[in-house]
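Trainee: Sequence:
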Amino acid sequence: MLDNREEYIRQVKEYYPNKNDAEPHKIEGDFVLRCQKCDLAYICIYGSNYVAVVDIKEGIKIYEIEVGAGPQNIDINRVSYYGYVTNFWSNSVSMIDLRLYKTVKTVDVGINPAGIKLSRDGRHVYIAHYGQPVMYVLDAATLEKVTEIPLPSNGFEIDITQDGNLAFVTLRSVGQIAVIDLSVNLAVKILPAGAGTEFVRISPSDPIAIISNEDGNTLTAVNTQLAESAFPDIPTAEMPVGIAFTRCGSRMYIANRGDNSVSEFDVFKRSEIAKIPVGQGPYGVEAACCEQLLIVSNSYEDTVSIIDTLTNEVISTVTVGFLPSFMAVL
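Counting along the sequence shown from 1, when you hit position 170 you're at 192 in this note's numbering, and nothing is skipped either side.
Hints listed in this document are in silico derivations from the structure and should not be mistaken for laboratory results.
Ideal placement from N, C-alpha and C gives every residue a C-beta, glycine not left out.
Any given hint could be a false lead.
What the hints assert, rightly or not - As a list, the in silico EDC-like pairs of lysine to aspartate or glutamate whose alpha-carbon atoms are at most 20 Å apart:
no., residue 1, residue 2
1, 297, 250
2, 297, 281
3, 79, 330
4, 291, 250
5, 79, 313
6, 211, 250
Stated by the list, open to error - If you anchor each label on the Cβ, the simulated ranges turn out as follows:
no., residue 1, residue 2, range
7, 332, 124, 34 to 42 Å
8, 206, 297, 29 to 37 Å
9, 122, 82, 14 to 22 Å
10, 337, 257, 27 to 35 Å
11, 227, 250, 30 to 38 Å
12, 166, 122, 21 to 29 Å
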């Protein structure tokens with residue numbers, strides 16, 4: 023999907039000719055203070071070069087924050103209220119002030135930055151590049167490059183263990199996961215996964231990382247303490263991408279881009295509990311509002327779906343912009 027932006031966008035428009043092309047409502051103003059009533063979602067709009075801000079409880083888009091070309095992923099410092107966005111096509115990272123809804127700094131990084139993750143102490147930003155086998159480490163305050171971590175292949179997405187010691191990086195083109203020791207900034211182990219290794223999410227409560235294999239229609243589970251496969255790959259619906267945990271890590275939701283659905287799984291039984299129809303091309307998924315709600319980006323119809331996790335039903339759909347990608351919730 024990401025190798026040629028113009029061709030990808032052309033194919034999406036051709037495949038979904040009846041998509042809503044209307045420009046969504048945008049609130050104008052010098053700044054907008056952060057809503058305190060419920061979580062806000064910050065959604066990378068890959069085809070429109072901004073981050074959309076959505077009030078999840080109210081089900082409305084309230085602002086757009088301009089960033090670089092092809093915003094792919096975002097991570098948030100929950101203490102300083104700064105967000106960090108990878109701009110895939112402009113080979114840069116933007117820092118946005120979430121109190122002022124404004125980009126305050128943009129720096130060049132490597133080729134096609136995709137995954138981004140803050141260190142657990144908030145001091146560093148790690149960036150995986152889809153265009154070269156290297157992970158950048160930036161100072162989170164200044165965005166100055168601290169070092170580079172060599173990878174055996176081009177990276178895609180990143181997550182970091184709860185203790186902050188290890189990073190797990192998906193190597194999409196070779197179907198593997200790189201395990202990075204962050205104390206020495208070196209890859210210490212390479213693990214097999216499935217075809218099209220896409221997204222990685224580590225459980226908030228258990229030493230388990232779940233990896234979506236988009237081209238292989240499976241999930242790979244890794245024991246993060248042993249850095250070894252935890253159990254055999256789990257079959258899923260077509261083209262799994264985004265992953266979110268709920269219920270203290272005992273449940274997980276998977277966005278199935280090729281199936282226009284989100285699957286709920288029992289993590290320990292490794293079985294699908296429910297399948298929830300959403301919009302076209304679901305890509306990213308995040309829990310919100312004390313896990314009472316889920317927000318899902320529908321990459322082929324420019325919307326997000328908001329799901330009630332008690333009923334597993336879509337309660338609202340919000341237009342956010344062309345090609346919504348991954349997101350963060352605060």
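Trainee: Could you run down the list of hints and mark each one as holding or not?
Mentor: Right, here's what the structure says about each hint:
1. Among the hinted pairs, residue 297 with residue 250 is inconsistent with the structure: their alpha-carbon atoms are about 29 Å apart, more than 20 Å.
2. Between residue 297 and residue 281 the alpha-carbon distance is near 10 Å, which keeps this suggested pair within the 20 Å criterion.
3. For the hint linking residue 79 to residue 330, the alpha-carbon distance of about 10 Å falls within 20 Å, and the restraint holds.
4. Simply put, residue 291 and residue 250 have alpha-carbon atoms about 19 Å apart, close enough for the 20 Å limit, and the pair holds.
5. The suggested pairing of residue 79 with residue 313 holds, with an alpha-carbon distance near 12 Å, which does not exceed 20 Å.
6. Note on residue 211 and residue 250: the hinted pairing holds, with a Cα-Cα distance of about 9 Å set against a maximum of 20 Å.
7. The beta-carbon spacing between residue 332 and residue 124, approximately 36 Å, falls within the hinted interval of 34 to 42 Å.
8. Under the hint 29 to 37 Å, the C-beta atoms of residue 206 and residue 297, about 42 Å apart, miss the expected range.
9. A C-beta distance of roughly 20 Å is found between residue 122 and residue 82, which places it inside the suggested range of 14 to 22 Å.
10. Between residue 337 and residue 257 the beta carbon distance is about 29 Å. The supplied range of 27 to 35 Å therefore holds.
11. Judged by the Cβ atoms, the range 30 to 38 Å given for residue 227 and residue 250 is violated: they are separated by roughly 19 Å.
12. Distance hint for residue 166 and residue 122: a CB-CB separation of about 22 Å, consistent with the stated range 21 to 29 Å.
In terms of the numbered hints stated before, the structure departs from hints 1, 8 and 11, listed from lowest to highest.
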